[in-house]
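S.K.: Sequence:
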Amino acid sequence: MNRLEKYCGVIPAFYACYDDAGKVSAERTKKLARHLVKKGVKGLYVGGSSGECIYLEKEERMLILEAVMEEVGDECTIIAHVACNNTEESCELAAHAESLGVDAIAAIPPIYFRLPDYAIAQYWNDISAAAPHTDFIIYNIPQLAGVALSVSLFKEMRRNPRVIGVKNSSMPAQDIQGFVDAGGENCVVFNGPDEQFIAGRAIGAKGGIGGTYGAMPELFLKMDELVRNGEFVKAQPIQHEVNGIIADLCSCRGNMYAVIKKVLEINEGVLCGSVHRPMPGLAAQDMEKVQAVAARIRTAIGKYCG
1 MNRLEKYCGV
11 IPAFYACYDD
21 AGKVSAERTK
31 KLARHLVKKG
41 VKGLYVGGSS
51 GECIYLEKEE
61 RMLILEAVME
71 EVGDECTIIA
81 HVACNNTEES
91 CELAAHAESL
101 GVDAIAAIPP
111 IYFRLPDYAI
121 AQYWNDISAA
131 APHTDFIIYN
141 IPQLAGVALS
151 VSLFKEMRRN
161 PRVIGVKNSS
171 MPAQDIQGFV
181 DAGGENCVVF
191 NGPDEQFIAG
201 RAIGAKGGIG
211 GTYGAMPELF
221 LKMDELVRNG
231 EFVKAQPIQH
241 EVNGIIADLC
251 SCRGNMYAVI
261 KKVLEINEGV
271 LCGSVHRPMP
281 GLAAQDMEKV
291 QAVAARIRTA
301 IGKYCG
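To convert, note that position 249 of the sequence shown is 249 in this note's numbering; the numbers rise steadily by one, no gaps.
Don't take every hint at face value.
As the list claims (entries may be wrong) - Dumping the calculated SDA-like pairs for lysine to any residue here, alpha-carbon to alpha-carbon at most 20 Å:
no. : residue 1 : residue 2
1   : Lys206    : Gly184
2   : Lys58     : Asp126
3   : Lys289    : Asn243
4   : Lys206    : Thr77
5   : Lys289    : Gly306
6   : Lys42     : Gly204
7   : Lys39     : Gly184
8   : Lys42     : Glu5
9   : Lys39     : Glu75
10  : Lys42     : Lys222
11  : Lys38     : Cys305
12  : Lys30     : Leu271
13  : Lys23     : Leu56
14  : Lys23     : Ser274
15  : Lys206    : Gly40
16  : Lys38     : Arg298
17  : Lys42     : Asn86
18  : Lys39     : Gly204
19  : Lys6      : Arg277
20  : Lys42     : Glu66
21  : Lys38     : Asn243
22  : Lys38     : Met69
Claimed, not checked - So the derived label-pair ranges between C-beta atoms look like this:
no. : residue 1 : residue 2 : range
23  : Ala148    : Cys250    : 20 to 28 Å
24  : Met279    : Gly244    : 21 to 29 Å
25  : Leu4      : Ala148    : 20 to 28 Å
26  : Glu57     : Gly230    : 44 to 52 Å
27  : Pro278    : Ala202    : 32 to 40 Å
28  : Gln143    : Ala284    : 25 to 33 Å
29  : Ser150    : Glu195    : 37 to 45 Å
The set of hints was computed from the structure by calculation and includes no laboratory data. Ideal placement from N, C-alpha and C gives every residue a C-beta, glycine not left out.
Start from the sequences, fold in the hints, and give me the full structure.
M.R.: Quick look at the structure:
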């Protein structure tokens, strides 16, 4: 098997799970990991944007990854996002992830100050050096990080043999083509925006990592199956329905991830808690919409995956 095959497919961005007091819950983390693996996903992307990484302490992020690895680490591909907004803690998380046996680590660029490309490259290479036996994936999400991965910087990073690809969450699908072309052989590019899953795959992405996959993995797995078979016309109405669901998930007063976690509770009986402050949790007036989107997901799964 090609060494990159383990990254090709549907990889949900894992959600941070809390107990009723708002503390990270290893027990609920394990139950969510088990639930997603039972659905048949290729792997899990732990500690990224959907994992609320920017708001968690280093020790909390370690606890989550440890729980995931203990529960399903030998059953699926695990990618650990390890970036903090300083090099030292990022390297600590990278070394910790490698010690647990993850398949790959990933990192956004440093945020807030706009650093030159050579400084971003040094940051990523320092993190990679802290996990010298582990694949490295660049996480490009310019709308949140404030800096975009350029093709020239990606080519520079590819000089590091551990850099195997990009999780591309910029909205233009054309960016995926640029990274595919620049990466050459033995490189994998992931589609990031869930709203363009089939478009990203059509233009060259080998898999997808997404924040709404966990709420409706069946729909993304079905699209993945159809894409692999070249049946894009059949995949299109599923993508349209998914995009409507995503709009509904974003329509509440509470943060989208608070909505998703409640949907998981309603549809699957999986408890994940709320979200980490300062992200807003659900408001009382959200519940009618939450119930409606949960029902919409059940209906879509029944229609397209039954």
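S.K.: Holds or violated: the 21 to 29 Å window for the beta-carbon distance between Met279 and Gly244?
M.R.: Given range 21 to 29 Å: holds, Cβ gap about 24 Å.
S.K.: For a C-alpha distance cap of 20 Å, please report whether Lys38 and Asn243 respect it.
M.R.: Distance ~24 Å between Lys38 and Asn243 Cα, so the pair is violated.
S.K.: Need the status of pair Lys38, Arg298: alpha-carbon distance at most 20 Å?
M.R.: holds (17 Å)
S.K.: Lys206 and Thr77 were given as a pair; does the straight-line alpha-carbon distance stay at or below 20 Å?
M.R.: holds (14 Å)
S.K.: Against the 20 Å threshold, does the CA-CA distance of Lys38 and Cys305 hold or violate the hint?
M.R.: Status holds; Cα separation ~15 Å.
S.K.: Hinted pair, alpha-carbon criterion (20 Å max): Lys42, Glu66. Please report holds or violated.
M.R.: Holds. Lys42 to Glu66 sits at ~19 Å (cutoff 20 Å).
S.K.: Between Lys23 and Ser274, is the straight-line Cα distance small enough, at 20 Å or below?
M.R.: holds (10 Å)
S.K.: Is it true that Pro278 and Ala202 lie within 32 to 40 Å of each other by Cβ?
M.R.: holds (38 Å)
S.K.: For a C-alpha distance cap of 20 Å, please report whether Lys42 and Glu5 respect it.
M.R.: holds (10 Å)
S.K.: Straight-line Cα separation of Lys289 and Gly306 no greater than 20 Å?
M.R.: Roughly 25 Å between the alpha carbons, so the hint for Lys289 and Gly306 is violated.
S.K.: Just to be careful, I want the Cα atoms of Lys42 and Asn86 compared with a cutoff of 20 Å; is the pair within it?
M.R.: violated (31 Å)
S.K.: Taken at face value, is the distance from the CA of Gly40 to the CA of Lys206 at most 20 Å?
M.R.: Given pair Lys206, Gly40 holds - Cα atoms ~17 Å apart, limit 20 Å.
Against the hints set out earlier in the document, violations occur for numbers 5, 7, 17, 18, 19, 21 and 29.
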